Every structure is written in C-alpha cells, then in structure tokens.
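**Q** Residue-level listing of the chains:
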Amino acid sequence: MNEVKKAVISVLGADRKGIIAGVSRILFENDANILDISQTIVSGLFSMILIADIGSTQCSFDALKSQLDALGRELCLQIRIQRSEIFEAMHQI
Amino acid sequence: MIHTSEILETLQMIDHQKLDVRTITMGISLLGCVSDDERRLCDNIYDTITRRAERLVKVGEDIEREFGVPIVNKRISVTPAALVTGAIRNPVEVAVTLDRAAKATGVNFIGGYSALVHKDMTAADRRLIESIPEALSRTDFLCSSVNVGSTRAGINMDAVRLMGEVIRQTAAATRETGGLGCAKLVVFCNAVEDNPFMAGAFHGPGEGDCAVSVGVSGPGVVKVALEKVKGRPFDEVAETIKRTAFHITRVGQLVAREASRRLDAPFGIVDLSLAPTPAVGDSVAAILEEMGLEVCGAHGTTAALALLNDAVKKGGVMASSHVGGLSGAFIPVSEDNGMIEAARRGALSLEKLEAMTCVCSVGLDMIAIPGDTPAETIAGIIADEAAIGMVNSKTTAVRVIPAPGKDVGDDVAFGGLLGHAPVIPVRTLDSAAFIHRGGRIPAPLHSLRN
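Line by line, the protein sequences are chains A and B.
Under our numbering, residues 1 to 93 are what the first sequence spells out, in order.
Under our numbering, residues 1 to 450 are what the second sequence spells out, in order.
FYI, nobody ran anything at the bench for these hints, they're computed from the structure.
Hints are not guaranteed to be accurate.
Simulated coverage check for chain A against chain B, where a stretch passes if three residues somewhere in it have a Cβ under 8 Å from a Cβ of chain B [said to hold, decoys possible]: (1) 48-61; (2) 67-75.
Facing chain A, according to a computed beta carbon distance under 7 Å, are these residues of chain B, among others [as the list claims (entries may be wrong)]: (3) Ile7; (4) Thr10; (5) Leu254; (6) Gly346.
Keep in mind the model is a prediction, meaning the values are calculated, not measured.
Every residue gets a Cβ at the ideal spot worked out from N, C-alpha and C, and that includes glycine.
Just chain B, with the same shape it has in the complex (with noise of 0.2 Å):
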C-alpha cells in the first residue's frame, strides 16, 4: 500500500519543485519515404509522420490527466533528412513538408533536418547542410542538427568550416526574431541515435519504424531535495541526488512504458536528463549554487557539474529498463535562469562553460554571442567543443546563437523555454587560417592509456 506521506510527498514535487516529464518524443523513420520525385517524397512524408504520430499529442494529453504529472512537449524525431534527399535537388520542400506534418500533429517541434557527416559528407549531405539557413527561416517548428566528428572518424574540419558559416547565414536569415533559428540548430560530436531533446533529436538510422522515448526533468526537485543536507559532505549529496534521480525517472519510465503502449509502438529509452526551464525554481545552476558556490561559474563549479551530472546517472539508471539519448545534466544559458544571472554577473564565461562541458551533457547550449563574430571564430568553438567530444568519447555540441546587430552585454529573447540570454564575449583572436585548412582531425587513440 501507498503511504501518505509518499503521496504528499509526490504532490510537492509536481506542485512546489516543477516535477514534469520534459517530453514525449516519437521517433519515426523515414527511409521507406525515399522517392526521386520531390512531390512523391514529401507526400510519403507527410502521410508517414501523421499517421504515426496522429494520436502522439492526444495520448500525452491523456496520461498527464490521469497520472497528474505535466508532461510539457509533444515531439517528433525523423530519419536525418539527408539520408532520404538524396534523390532530389532541394531540400528545403522536405524541411517545409515536416513543418506541416509538426504542425498537422500539433507537437511543438520536429527534430530531423540533420546530416551525418562526421567522415565526409556526400553531395546530399551538402546540399542539406547549405539549406539550413533557408530551411529555417521558411519554418516554425523545424530542428536541424549536424554531426561534425566521432570518437571513431575524427572531425570533418571542412564540415566545421562550414557550419561556421551556416550559423552565420541562420541568423541572418532569421534577423527579425533575433536569429532564432539558431536556436533551432545544433552541431553534434557523437551525436546519439534517440536523443528525446530538442534541438538536437533525430531518429537515427539503427533505430527500428518507430520509437517513444522520454526526456525526464526536475532540476527543481533536486535542489530541494539537496537544502535538507546543507553542509553536509559530498557524500551525502550525492546519495541525496541519486535518490531522488532515481524517483524523477520512474516517472519517466512510467510515463514511456505507457504512451508505448497506448500508440501501440515500442518503447525506446527514458534519457536522464536534467533540463532546466527559464521559470524560477527549475535550475541546474542553483543545483550547483546549492552545493556551496557563490554563483555558478565560480571556482568549484565544474567538480560540482561533475558530481551531479554522475549521481543522477547513477540513480536513474535503476529506475528505468532502458536509459539512452543524452542522459547528464543540461547547462543551456538561456533556458535557465541561474545561467542567465550567471551570465549577467560575468561569473560565466565560453571558457568556464566549455570546461564544464568535459563533465556534462551536452554542450555549449544556447549561448548567444555578437552578431559580429566571424564564421571562422564560430568554426573553432565548434572545432574546440568536437575536440573534447571525440578525445573523452562523449557528446558534445555546439548551439550558439551570433545575435544579430547585437553586442556584449545586450539581452536577447527567443520566447516560451529557449529563454532570454545575455550576449557574451568570445576572443576576438583569429582562427581564419586554422580553419581554412579544412580536410579531417583523425581519430583519437584509445589504447596505450596509461
């Protein structure tokens, strides 16, 4: 039997520390689309993605009423387009056509517009790539990701180059909404196959017709949890984190188990992740402020990302059969509003949060930049963070958002959960030749590791 005080206690979560099910997400595959009739491959896209998904939003809607947890988004991931456009001239009808088929399904966004290419990229691949700025200005809900490099292949530098420029071009293209397509397109090292999280999720090519995944949440759950063992040492903490990992994920699995049930498709994984929302109260950062840091970005701040980022891992895995996607701590500026104080204060800089990237998931996320930057100097904060994604085996990304006609100190906001974020300074140093090399940073060695 349930015991009170377990039932109040779960109350309090959802009430009082904004315990949620981040999201839902159906992952569908793409590849039986493949046509060489542009009209034809959108038409199969379309009908394939709202069939699947026709019942995605209702069913999410369903399972919060009746278990009384919110589950905040309803979202798609397909196949990386670039694998079934291959056949056609532009790619930009498909990226239209995926918004249409978001949009029919009334999820908040779809993920998918992405190319693999962390070897080399094949003509498809660029033709993608080049439409990005284009694809994302045309559309609302559409996610566009890129994977650079791998642990295995190395970095492709040409396709670091070029993504330096397609950020530029992205935000330019969406100047009048301070480039937030930008915040709609993320660069991946290793990027995982059934990432559950935008902007970065797509349904990788080992992935089966169809998966549901979940994304759990609830940084405001460990923060609370963690003012009961004030001053005590890390021990305790990271007992304290893991356990209450540990009841955040079951709800997710619970959540996963029984959306795969109801939309009569398999179940994926439950991805462990600690999303902050910009709403009060729902901060990784004042997780690390909890744990005895003046502010976040203090020195500390990355032993303590590392202890957080391990102990919900450690506790979640337990809870659930299956754990995928990104699964670690998420440290986006705009979308957490520790960050952004952060941020603001100048506690944090690119340089203390790509430190912090050696020890979390995912990446430099969200962080908004001078529109002035040059694309070479985007081009090697992407070469950087790839570099630490590929030697330590881990995901790493980049999702930096060059503001248009914006400077250091200036705040720019991109609405809803991408937040607002100060603009930060990069080095105004030159990376243009380093970059202009182009060809390929070979694979690490992972043996002889002593």
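Next up, chain A with everything else stripped away, as it sits in the complex (with noise of 0.2 Å):
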C-alpha cells in the first residue's frame, strides 16, 4: 500500500460532450484513484474540481500532466493539476 498523495485537478471551460470521460480515462490509465469530484454548469461554463490520490508507484506527475495538458487543447479547456498541498496549506491551519 502506497502513501497517499492527493492532487487536485480543476478543469474550466465551455460544456460539451466527454470531458470527464477524457479525465477519467487519464487517471484510470495512470493509476490514479478519484477519491472526490465536483461539478457545475454555470451558464454555460463547466467547471470540475476533481481529488484524486496519485501516491501509486506507477502513476507519474509529470506523465499525467502532460497527458491532461493535451487533453485539454484537443477539448479547448483549461485542465490543471496540482499537489493538493498548496490548497491545504492555504485554507487550513
């Protein structure tokens, strides 16, 4: 069992069809386990904050950025992953 390490995906963009799909996949592929995931539509625009552990010893940072980072040109949105660290760091004490 690996430790757990949580990275947080946010995606903002025009609605259409397979974004999370196209996410999913990724994570699946990579080894990365969704452990928590949000999502609206306002007017239009969709926005995704997705949780997933990427502490497997098969999954890849980088390997999984780039794949989102094509992902999302090939869908037109803005896909970003980060370490859920500096979201904790800054909201809780």
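Given two chains presented individually in distinct reference frames, assemble the corresponding complex, making use of the accompanying hints.
**A** Below you can see the structure in the form of structure tokens.
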C-alpha cells in the first residue's frame, strides 16, 4: 500500500461531451484513484474539481500532467493538475 | 477535505491576482573558500557555489510545476565577499567568478559582493567597496551591498561619503545601460543577514553553510481583498490584510519547506514582504490607493503604509515557522506601476518617500535621480536614510540611480523586473561640507525613552 498523495485536477471551460470521460480515462490509465469529484455548469461554463490519489508507484505526476495538458488542448479547456498541499496550506491550519 | 470554493479562490489568486513566490534564494557560505592565492580562491568559490546550487533551478521549476504556483526567481546569496578577499589584491576577479557561477547554475541574480562597515572598515572592505563600479560593469547577475550603519554602532560617515562616490562611479561605468549598475547596488543601515531579496541579499556571517529562504509576494491579492471592504473602517481593512497575508505566507512556507527538503539544505526563513512588479495588478501603491487615497503620495500615504506593513507581518507571522529577512512592504519606485505613475504625476517626492521608509521596509528604492547629482548629495541622502534606520532600530536602505545624462522628467528603463522610472528632483542645496567631515555618528541612546 502506497502513501496517499493527493492531487487536485481543475477543469474550466465551455461545456461539451466527454470531459469527465476523458479526464477519468487518463487518471485510470495512470493508476490514479479518484477520491472526490464536484462539478457545476454556470451559464454554459463547465467547472469541475476532482481530487485523486496519485500515490501509486505506477503514477508519474509529469506523465499525468502532460496527458491532461494534451486533453485540455484537444477539448479547448483549461485543465490543471496541482499537488493538493498548496490548497491545504492556504486554507487549513 | 478541501472545499471547492477554497480551490477556486486559490486558482483565482494565481490566475488573476498575480499570487506568486517571488524568490527561492539559496544562501551559501564562502568562508571555507578562503585562500591567499587568487586563482585558488576563485576556483574554491566557483566549485562551492556550483556544487551547492547545482539543482536549485531545477527544484524550483519542479515545485512550480507540481504545485501550480509561479516561482518567479531562483537566486543565490553568498558570504559578504569582503570577508573572503582579505588576502588577495584584486577582488574584481571574485566578482567575475560569482557572476560565472550564477550563469552556470541558471539563477538570475547572485548577491553578496558586499562589505559590512557599519563601524569601521578593513583594508579588504575598502578595496572591495572601491572595486564595486568595475565589478558591476563587468558582470551581469552580480548584486552588491554595503552596510554603513547600525543601531548599535552608529553611522560610519567615511563609508557614507565613499558610497556617494561609488554610486556616481557605478552609474558612469554602466552609462550605456542607463546606470543599470546602480540598480544592483544597495547601501544599508541595519542590514539583515538572511534577506532573500535582491539586490541586498547576502549570506551573513552568523548563518550556517547553506540555507534555503523564500520571499513571498502578492500585492495584487491584497488589493483585490480590500476591494471587498470599500468604505469600511480601518479595523476591517487591517483584518482583511492579515487574513490575506496569512494565505500568501502559507504558500511561501510550503514552498520553502519543500525546496529545503528536495535540496537537502536547511530551511532558513520566509520573508513576509509584499514585493511589487511593474506588471499591472501587482502594485503596493495600488493597495494604498484602494484604501482611499487619490494617488500614492497624497497626505495619509504614510499612515496607510504603516497599517499595511504591520498587518502583513501580523498575518504572516503565524503562517510560518521562521520569519526573517526584510519582512515588510517594499516601495521600489521603478518596480511598481502605481509608484511610477505617482512619481510621474509629481505626487511622490524624495521627501515623501523618505517619510514612507520610516514605517515600512526597506528604504529609498529604485529611484532615478538627475545624472549630475553630486556624490556628496547622494551621500547626504544615504546619511538621512541611515539615520532613520539607526534611530528606529530598523533596516533602511538606499538604491538610487543617478541616471547618466538624464534630468528631471526624463524616463530611465532598466528592463524586466527592475522596470522603469521617471527621474525625480533632489534638493540642489550643498551638503559637501557636512559629508567631508567624516568620522562616525555615535550610536543612539536606547534607554531613557520617556
């Protein structure tokens, strides 16, 4: 069992088919486990925050990032992956 | 669990409010490099720096990518060079070596071509100070600083006089770039040993072999936070700044810890400074104006800055395990869009800026003055600023650029983060007889304070 290493994936852009499918397929293929997902659409603008465990030894942050970057370009969305510590540091004491 | 709104708030700060970590600075001791052989000294220095800082830039970029927060600069500070050049004739070779080491490691500045002469100077200190104009004209990334006074020692007026001349000579030596050398030269009173910000960074003699320190930033984030309390009393303004500073500093602390771990070097400090850049939305002046001033420099500016400076520290202190460096709001004129505009409108005079330095870090910073300003007048400016630092037990500094061939109203561009500035007037009254007295202004009394 590997130590849990959390990443936050945020997706912003115009709504279209296949966003969740695309992101979750990349996560699955990189052996990342989705822990939480929240999604809203406000006047056609799609926003999704997904928290995943990327602690598996099969999972490389850089590989994940470059695949998500490529998907973002393909779907004309802003897709970002960041280690969760930045958010925890800022908002939790 | 992290809340969605918190994640979005952080993304907003990074994307639209220019939240960033201004610098990761690795402090490196050169005390072990000492030799009376110039070649060997330079080789030792080059090897020590390139070995210690080999991975600094890469680690900085890795952290930036993984955490998704920009880390604008990666820098190196070293032991004040005057402390290691005592046995050689020409310290300029060390300056060139430091510059070469900076280029090899990929950092954008290296600080520490420095001398600490607040009480008196050694022959080595004098040689180093006199070599500054040549050193800064022969290097690209080197920064230099000289500490001419302290609360405990008083002000070394011989050093103040010398620095007036050195600043003039540095401007002349770097004439083709508008006197750019002076933008990399700071004269301090009460210099701190662990400052990660350039141009005044050096790795003080009280430090260990190596330390990783971080300077945070984020004037844009504070400005946006204050937009939400428009017209409210100052109590709410202070609370808002404190809360915002806490968030910003937590990012700095996280980055510092992570960099220290990955570089296998001790964590030094987080410097809680609000450091502006010339970019729109990254201005300290804009924060003061958001508080209700028509323009930075209006009456009330000093009070606004005092509140800002104090609230940033109060909010930041709890967010970091070790706070140090300069820690306060910076007011570099050429590096802050709002300050540039205020100076252009004539709202910011040297006198107003001097008053502002009484309540914030760090001093008269990045101010372009007429190119024909006499060395004694520059020394007078330094003496006044050092006196403020000495009496108030705080760090003050002078980084002025007597722009060659330029006069009041002209604009001088330094490029990049150093920005550009309109030349502002200095008093044309004569200070020469005062400056030529030399000697030392005694340390102030710090008891009987009633």
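**Q** Next, verify each hint and record whether it holds.
**A** Cross-check of the supplied hints:
1. 48-61: holds (count 3)
2. 67-75: violated (count 0)
3. Ile7: holds (5 Å)
4. Thr10: holds (6 Å)
5. Leu254: Constraint on B/Leu254 satisfied, holds at 4 Å.
6. Gly346: Violated - the Cβ of B/Gly346 stays beyond 7 Å from chain A, reaching only about 40 Å at its closest.
Of the numbered hints stated above, those contradicted by the structure are hints 2 and 6, listed in ascending order.
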